[in-house]
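Keeping the supplied structure of chain A fixed, place chain B upon it in accordance with the hints.
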Amino acid sequence: MLTLKNVSAGYDGTDVVKNISLDVKSCKNLSIIGPNGCGKTTLLKVIANLLPFRGDVEIDGRPVRKMKSREISSKVAMLAQTSGIYFAYSVFDTVMMGRYLRMDSGFFGLPSTEDAKHVTRCLEAVNLVAEKDKEITKLSGGQLQRVFLARALAQQPEIILLDEPTNHLDLKYQVELIDYLKKWAPENNCAVIGVLHDINLAMQLSENILVMKNGETQAYGKTSEVVTGNLLEKVYEIDVARYMAQSLKRWESLRS
Amino acid sequence: MKTKAATAACASLIVVMLGAALGSVSIPPGDIFSIISHKAAGSPLPAHIEPALVAIVWNLRLPRALLAFFVGAALSVSGAVMQSVLRNPLASSYTLGVSSGASLGAGLVILYGVSIPFMPAFTLPFLGFLFGLGTIILIMAIVTRLDWQMENITIILTGMVFTLFINAVTMLMSALSREHLQRLIFWQMGSFSMKDWQAVFILAPAAVLGTMFVAHFNRELDIMTFGEEQAKTMGVDLKKVKWILLVTAAALTGSAVAFVGVIGFVDLVAPHIIRKLFGSAHRYVVPMSAVFGGGFMVVCDLIARTVVSPSELPVGTVTAIIGAPFFAWLYFGGRKKKAKVV
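Protein chains in written order, with this note's numbering: chain A, 1 to 256; chain B, 1001 to 1342.
In isolation and in its complexed conformation, chain A is listed as follows:
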């Protein structure tokens, strides 16, 4: 589905991502973890064809360099980390924008009934049908995040790239979102590539994991095999055992 071979990319001549190789198969989600500034978001931008890169990126066996941007967008959707809002669109209109490549909407680009139905299904998936006529400028950060996720779903992509998708979400929605995406990927024969800071959520989301540090691969493989205390200590430079012990103690006291 998606293959990266020795991909390097960066800004102003400095590589932020260095020699990354990975292989994402359909229905197999991938989480990317690592400390701040390690190149996770840059890697997502390379996959979305937003940044020039060296190396090879292939989607369904075709090099993205030979694909038109419309073709790439019909296969890859991205939920970005930050989304500046300048004008107050309704929730429904915002999600409808995700249908851009799928709509056959005539000269003036008006949506069809079928598109409206699809958008409603996406809003149902993120539990926002009741808010469909609300202006997005009046939503909370969490609701807005869900609107943008619904817009990515409306694109009907094969791969969804999520950059910190749980930002602004409370615990309930974080868990619900990850559960939904875990279900969505196999049902639609797709894959989710998520950049996450929460290692628990990352492990819950995906079968495979890429651990990065300083733009390089520290570990890549099955989540259950790759993620170890030693690796996390090396990557994040913290005493994982002490942190976990403290967390467990707090949890025990909360339970009692």
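Please keep in mind that the hints were generated in silico from the structure rather than gathered at the bench. Don't take every hint at face value.
Distance condition first, Cα-Cα at most 30 Å in a straight line; then the derived BS3-like pairs of lysine-lysine [stated by the list, open to error]:
#: 1; chain 1: B; residue 1: Lys1276; chain 2: A; residue 2: Lys132
#: 2; chain 1: B; residue 1: Lys1039; chain 2: A; residue 2: Lys132
#: 3; chain 1: A; residue 1: Lys222; chain 2: A; residue 2: Lys234
#: 4; chain 1: A; residue 1: Lys18; chain 2: B; residue 2: Lys1276
#: 5; chain 1: A; residue 1: Lys5; chain 2: B; residue 2: Lys1004
#: 6; chain 1: A; residue 1: Lys28; chain 2: A; residue 2: Lys138
#: 7; chain 1: A; residue 1: Lys75; chain 2: B; residue 2: Lys1240
#: 8; chain 1: B; residue 1: Lys1239; chain 2: A; residue 2: Lys75
#: 9; chain 1: B; residue 1: Lys1239; chain 2: A; residue 2: Lys66
#: 10; chain 1: A; residue 1: Lys249; chain 2: A; residue 2: Lys28
#: 11; chain 1: B; residue 1: Lys1239; chain 2: A; residue 2: Lys68
#: 12; chain 1: B; residue 1: Lys1240; chain 2: A; residue 2: Lys68
#: 13; chain 1: A; residue 1: Lys213; chain 2: A; residue 2: Lys234
#: 14; chain 1: B; residue 1: Lys1004; chain 2: A; residue 2: Lys138
#: 15; chain 1: A; residue 1: Lys117; chain 2: A; residue 2: Lys172
#: 16; chain 1: A; residue 1: Lys25; chain 2: A; residue 2: Lys5
Reference excerpt, derived from the structure (chain A facing chain B, CB under 7 Å, subset only) [as the list claims (entries may be wrong)]:
#: 17; residue: Ala48
#: 18; residue: Tyr86
#: 19; residue: Ala88
#: 20; residue: Tyr89
#: 21; residue: Asp93
#: 22; residue: Met97
#: 23; residue: Leu101
#: 24; residue: Phe108
#: 25; residue: Ser112
#: 26; residue: Tyr220
Think of the CB as a built atom: it goes at the ideal place given N, C-alpha and C, for glycine as much as any other residue.
The following block gives chain B in isolation, referenced to the frame of chain A:
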């Protein structure tokens, strides 16, 4: 929403009629309709309508009101495009040097008597349009070379640099040719006086077709307001669409400015007012900006030519004097009340 749109369209039509009816000689609406149907459809003219009234309505006021409407429409649609494509609520064709370029073209004609053979009467609008459009094409060509992604900040900064440079050239030309300076200054203030059907017949199709062409891109305009990266990931061919829309917006402004001189403010406020009333979706913003901007311009011109009659005020100053408080009332009016409730 449809009722609101129909109301706005009817209001604009009434305003155009008022533009034809009001002035130093007030003419009843019934007589206006009779004169228009007589001239347009050949229906018999009632006996009480004198030929002088027919001439006032048909040769002076109606073409002037219609020209004002299409100028307002073209400028407003252009403003809506600039604000959305550049994701800047203050952006307009003027930010990107269209009026400066047009003024330079006008300066060549007014100050130095440049004239096109066989069509001297059209030299001023033609060169105004050509220089206005040429400026933005030049800016976009330079931006394409400077920045492969054609980021908005590069476009705006290049536009501002060009605007300042061209303004300086025009000022230098003016300083070296002071005897015609006053005419250039008046041109830069904008005016609809002495405009006939010829200008309407050229501008009307340009404004209507330009608006329809922009409306064709309403989904791209919606998406682009969320930023360049998001637009790209949703499949918008950013470079191509930016080129098309910015040049179309400049052509709309250029064709309006070419006939009546520089008129500001309407392109800035009309799209904002429409977003406030109809929401941000461009399927409404584009056509309703045209309708509202057109009606607003007719009202401003009516005020410009009646308030100090028989003299006239420059319409460019009226648009700002009337528009600024109206915009402030509409845009900020509700905030104080909301704050009190909280």
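Consistency of the hints with the structure:
A threshold of 30 Å between alpha carbons decides the hint, and for lysine 1276 of chain B with lysine 132 of chain A the separation of about 18 Å falls inside it, so the pair holds. The suggested pairing of lysine 1039 of chain B with lysine 132 of chain A is violated, with an alpha-carbon distance near 51 Å, which exceeds 30 Å. Only pairs whose Cα atoms come within 30 Å are accepted, and lysine 222 of chain A paired with lysine 234 of chain A is accepted, the gap being roughly 18 Å. The straight-line distance between the Cα atoms of lysine 18 of chain A and lysine 1276 of chain B is roughly 47 Å, outside the 30 Å bound, and the hint therefore fails.
Note on lysine 5 of chain A and lysine 1004 of chain B: the hinted pairing is violated, with a Cα-Cα distance of about 56 Å set against a maximum of 30 Å. Simply put, lysine 28 of chain A and lysine 138 of chain A have alpha-carbon atoms about 36 Å apart, too far for the 30 Å limit, and the pair is violated. At most 30 Å may separate the alpha-carbon atoms for a hinted pair to count; lysine 75 of chain A and lysine 1240 of chain B meet this at roughly 21 Å. Restraint check: the Cα-Cα separation between lysine 1239 of chain B and lysine 75 of chain A comes to about 20 Å, which is no more than 30 Å; the hinted pair holds.
Straight-line distance between C-alpha atoms of lysine 1239 of chain B and lysine 66 of chain A comes to about 17 Å, which keeps the hinted pair within the 30 Å bound. For the given pair, lysine 249 of chain A sits about 34 Å from lysine 28 of chain A by alpha-carbon distance, which is inconsistent with the 30 Å threshold. Restraint check for lysine 1239 of chain B and lysine 68 of chain A: the C-alpha separation of about 13 Å stays at or below 30 Å, so the hint holds. For the suggested pair lysine 1240 of chain B and lysine 68 of chain A, the alpha carbons sit about 13 Å apart, so the restraint of at most 30 Å is met.
With a C-alpha separation of about 9 Å, the suggested pair lysine 213 of chain A and lysine 234 of chain A falls inside the 30 Å cut-off, and the hint holds. A hinted pair counts as satisfied when its Cα atoms are at most 30 Å apart, and lysine 1004 of chain B with lysine 138 of chain A qualifies at roughly 23 Å. For a cut-off of 30 Å, the pair hint linking lysine 117 of chain A to lysine 172 of chain A stands: about 27 Å separates their Cα positions. For the hint pairing lysine 25 of chain A with lysine 5 of chain A, the CA-to-CA distance comes to about 15 Å; that is within 30 Å, so the pair holds.
At about 5 Å, the closest approach between the beta carbon of alanine 48 of chain A and any beta carbon in chain B falls short of 7 Å, and the interface hint on this residue holds. Among the interface hints, the one on tyrosine 86 of chain A holds; its C-beta lies about 5 Å from the nearest C-beta in chain B, closer than the 7 Å criterion. Proximity of alanine 88 of chain A to chain B holds as hinted, the smallest CB-CB distance being about 5 Å (cut-off 7 Å). Residue-level restraint check for tyrosine 89 of chain A holds (minimum Cβ-Cβ distance to chain B is 5 Å; threshold 7 Å).
With a least beta-carbon distance of about 5 Å to chain B, the hint placing aspartate 93 of chain A at the interface is held under the 7 Å criterion. For methionine 97 of chain A, the interface hint holds, the least distance from its beta-carbon to any beta-carbon of chain B being 5 Å, beneath 7 Å. Given hint, leucine 101 of chain A at the interface with chain B, holds; its Cβ is 4 Å from that chain's nearest Cβ, closer than 7 Å. Interface restraint check: phenylalanine 108 of chain A against chain B, minimum CB-CB distance 5 Å, threshold 7 Å, status holds.
Below 7 Å, beta-carbon pairs count as interface contacts, and serine 112 of chain A has none with chain B, the closest being about 13 Å; its hint is therefore violated. Contact between tyrosine 220 of chain A and chain B, as hinted, is not supported at the beta carbon level, the nearest pair being about 24 Å apart and thus beyond 7 Å.
The earlier numbered hints that this structure contradicts are 2, 4, 5, 6, 10, 25, 26.
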